[in-house]
Amino acid sequence: MAGGVAEKMESSSPMRHTTRPIVTGTSVLGLKYKDGVMLAADTLASYGSLAMFQDMRRISKTGSYTLVGGSGEMSDYAAITHMLEDLDRENKNANDGFEFSPKEIFYYLRAVMYQRRNKFDPLWNSLVVGGFKDGQPFLGCVDLRGTAFEDDVVATGFGAHLALPVMRNKWRPDLEEGEARALLEDCLRVLYYRDCRALDKVQLSKATSEGTRISEPYKLETDWASASFVAGPGGDLDGDGGW
Amino acid sequence: MFRSMYDTDVTVWSPQGRLLQVEYAMEAVKQGSACLGIVGAKHVVLAALKRQPNELSSYQKKLLEIDEHMVVAIAGLNADARSLAKYMRTECLNHKYVFGAPLQAARLVVDVADKYQRCTQMYVRRPYGVGLLVAAYDATGPHLYETCPSGNFNEYVAMAIGSRAQSAKTYLEKHFETFKYCDLDDLIKHALKALAGCVSSDKALDKASASLAVVGLADDGVAVVSKLVEDDAVQPYLDAIDIAPAAVEETKMTDEPPPDDTATIPPPEGEQAGDVDMS
Amino acid sequence: MASTGAGYDLSPTTFSNDGRIFQVEYATKAVENSGTTIGIRCSDGVVLGVEKLLTSKMLLKSSNRRVATLDAHCGLVLCGLAADGRQIVGRARDECSNYDEVYGDKIPPRVLAARLADYVHYFTIHGALRPFGTASMIAGYDPCTKTHELYAVEPSGVCLRYFGCALGKGRQSAKSEIEKLDLSTLTCKDALREIAKMIHTVHDESKDKPFALEMAWLTKDTGFEFALVPDDLVQEAEAWAKAKLEEDDDDDDDDDDAEMTPAPPTDAASPS
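Chains as they are written, first to last, in full-length UniProt numbering: chain A, 1 to 243; chain B, 1 to 279; chain C, 1 to 272.
Calculated directly from the structure, the hints in this document are not laboratory data.
Just so you know, these numbers come straight off a predicted model, no measurement behind them.
Treat the hints with care, as some may be off.
Stated by the list, open to error - With a straight-line Cα cutoff of 25 Å, these simulated BS3-like cross-link-like pairs (lysine-lysine) come out:
#: 1; chain 1: C; residue 1: 244; chain 2: B; residue 2: 174
#: 2; chain 1: C; residue 1: 106; chain 2: B; residue 2: 189
#: 3; chain 1: A; residue 1: 133; chain 2: B; residue 2: 115
#: 4; chain 1: C; residue 1: 29; chain 2: A; residue 2: 92
#: 5; chain 1: C; residue 1: 207; chain 2: A; residue 2: 92
#: 6; chain 1: B; residue 1: 115; chain 2: A; residue 2: 92
#: 7; chain 1: C; residue 1: 209; chain 2: B; residue 2: 42
#: 8; chain 1: C; residue 1: 207; chain 2: C; residue 2: 29
#: 9; chain 1: B; residue 1: 96; chain 2: A; residue 2: 103
#: 10; chain 1: B; residue 1: 30; chain 2: A; residue 2: 119
#: 11; chain 1: B; residue 1: 30; chain 2: C; residue 2: 106
#: 12; chain 1: A; residue 1: 61; chain 2: B; residue 2: 96
Put together the whole structure using the sequences plus the hints.
Encoded structure:
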């Protein structure tokens, strides 16, 4: 915030930090499966309701074992990515055979988010941390208040409402990679249909014993001819009760 | 000792490119009573000789717990060590809060060594007058580090610092290649045997003066624990070793080349054998 | 050693009457007494090598590295007081990370070297500080100009770019060895061997403490990422160096037998 503005506000009213995000990304989804953890997100950054940037990559790698996906304010997400890069650089420089596990990254982000919330200056994100190290998959979620939890399936943003029930229904610990991918794509499709801040261009990523990989963005197959989306004779949407 | 105009400030280089104040601070470490550390496959053992500064006082603590996975042994100015230990404890706690896992000893030791170093490059502070042996078991296994007033630090398989540490070093150098095959009991025996050589002529290694610390994997092979062994708890370990003959034998075998050591060290041990019934 | 004392050599803020700053010169002594450190800029990268003296056989070889990675594309090697060196490394890493933060790009090695020199220089102008007893050689890759570079920063704050540089005890003879190489065609693989040979030559086994040869590089083969040279390559280079030195020794012996003039290589080998 510019110094001048802050001063002016201080003199007239109490100090105020970010109260709403500006450029935002929507849901990030994550699940554990047989070989590790998979994260998925679309690549849209919205400015309010405007679909402003369509190639915003919202999943990043940190170190050799960890993926971090972010929804919410994209500038804050970039700042967080930067913190993680610094952490990773320090780690690499030390050259002592040690590297943070996904769980440690998760704890770190929790500490950062909670500290910022206690300063009433939150980083406006929900973060999904997924990783795989020493044969152990890890999946957790941290939000702008520092609330942090681990689960077998997680979803942020609208996904917590629309995708999570689907994922919980279909999830098994022994999901094959293909099944996990299909499940996530189904969820992303549902989100694209129902969440007006979502996009059909998505990225999938996985953390397994072979390390972490993030796919290039690709387009989801969608079908707007589905009965629930077809307008009836009166012009209203009619169909199977989707609306 | 040679005195010069270059030896009163830390920030002054001597014409030979030496920092005499720092070197003097290193001497303070040698004044402290001995302590040593040994790294095994799954454990690090520290042993230290406590002094009783006054007959009416307690023995000065030599081993300080830093965290569940870390203990330090100190030689030199005790008060300096306490302030360093406080710093280390805080760092460990902070790290555990932020990362939910114990701090890597190597990273902490670098920070501590940097703390030492800064005192050698600024006019306003004196160097720390204490050396630490840091024993830790972390994600990369067991470690033993030595820090010293110059700001240098090193990682060892085994090391001894403090007064008469040379005797212990000689013992350790003879055996260090076997330590990784030793079980915990053997490590402790080695530690006490090495420590026995550092006892001054008018003292004996007994349960009041000897103290031990073990850092390493618990019996379940998963948890990392550290344990201080002091006072009565030391006695069984002392009973388990045959200090006097072994120590004499060691010094005979290894200390012959440097005559200084033989002159000062073996006789006390001979006396000690008579004074205390160790076997 | 030139004239000392007279009170003009006790602070970096004092000039002597002939315009020298003795405290900086004394600090340089600490570097000169340290293990030999060599850097060579080859056709396909930069190689750094250092004679790391070992104070005890119980020391872990990986302990107290003289080589430090600063960022993916650059690193340095230290010569002098190790503890002072860590401060320099810390500062260099901060510079790398800050540059990245501000400009979103990797710091060019020449900028890094200049900034590091500024930092080191600061310690030569204040009465409450002392100059660093450490010099550093920086190997870096500039992704913009696609060049790899070698710099050395001395305790005085002097910073120069080099094709070949030697610091520490055996610098004189190492320098003259480097001058014999054709640096425009020399590859990093060959430089490893040459450096190993130089360091083994200047190291006096009867007098000096045992040492570990520590090497790091930044080569085309590794995508110009700064890294420690893998152990097997270091060992291979050392084996080659030792064999080569024995060969030379034999040659010398032959010379002696033939009662020729004393062999010049032995002269070069003794640090002056």
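We went through each hint and held it up to the structure:
Between residue 244 of chain C and residue 174 of chain B, the direct Cα distance comes to roughly 34 Å. Violation of the 25 Å bound is thereby established for this hinted pair. Between the alpha carbons of residue 106 of chain C and residue 189 of chain B the distance comes to roughly 53 Å, so the proposed pair goes past 25 Å and is violated. Between residue 133 of chain A and residue 115 of chain B, the direct Cα distance comes to roughly 33 Å. Violation of the 25 Å bound is thereby established for this hinted pair. The suggested pairing of residue 29 of chain C with residue 92 of chain A is violated, with an alpha-carbon distance near 32 Å, which exceeds 25 Å.
At most 25 Å may separate the alpha-carbon atoms for a hinted pair to count; residue 207 of chain C and residue 92 of chain A exceed this at roughly 37 Å. A C-alpha spacing of about 22 Å is found between residue 115 of chain B and residue 92 of chain A, which places the hinted pair at or below 25 Å, so the restraint holds. Our distance criterion of 25 Å between C-alpha atoms is broken by residue 209 of chain C and residue 42 of chain B, whose separation comes to about 31 Å. A hinted pair counts as satisfied when its Cα atoms are at most 25 Å apart, and residue 207 of chain C with residue 29 of chain C qualifies at roughly 19 Å.
For a cut-off of 25 Å, the pair hint linking residue 96 of chain B to residue 103 of chain A stands: about 12 Å separates their Cα positions. Distance restraint check for residue 30 of chain B and residue 119 of chain A: the Cα-Cα separation of roughly 48 Å exceeds the 25 Å cut-off, and the hinted pair is therefore not satisfied. This hinted pair does not check out: residue 30 of chain B and residue 106 of chain C have alpha carbons roughly 46 Å apart, beyond 25 Å. Under the criterion of a C-alpha separation no larger than 25 Å, the hint pairing residue 61 of chain A with residue 96 of chain B is consistent with the structure, at around 23 Å.
Comparing the model with each earlier hint shows violations of hints 1, 2, 3, 4, 5, 7, 10, 11; every other hint is respected.
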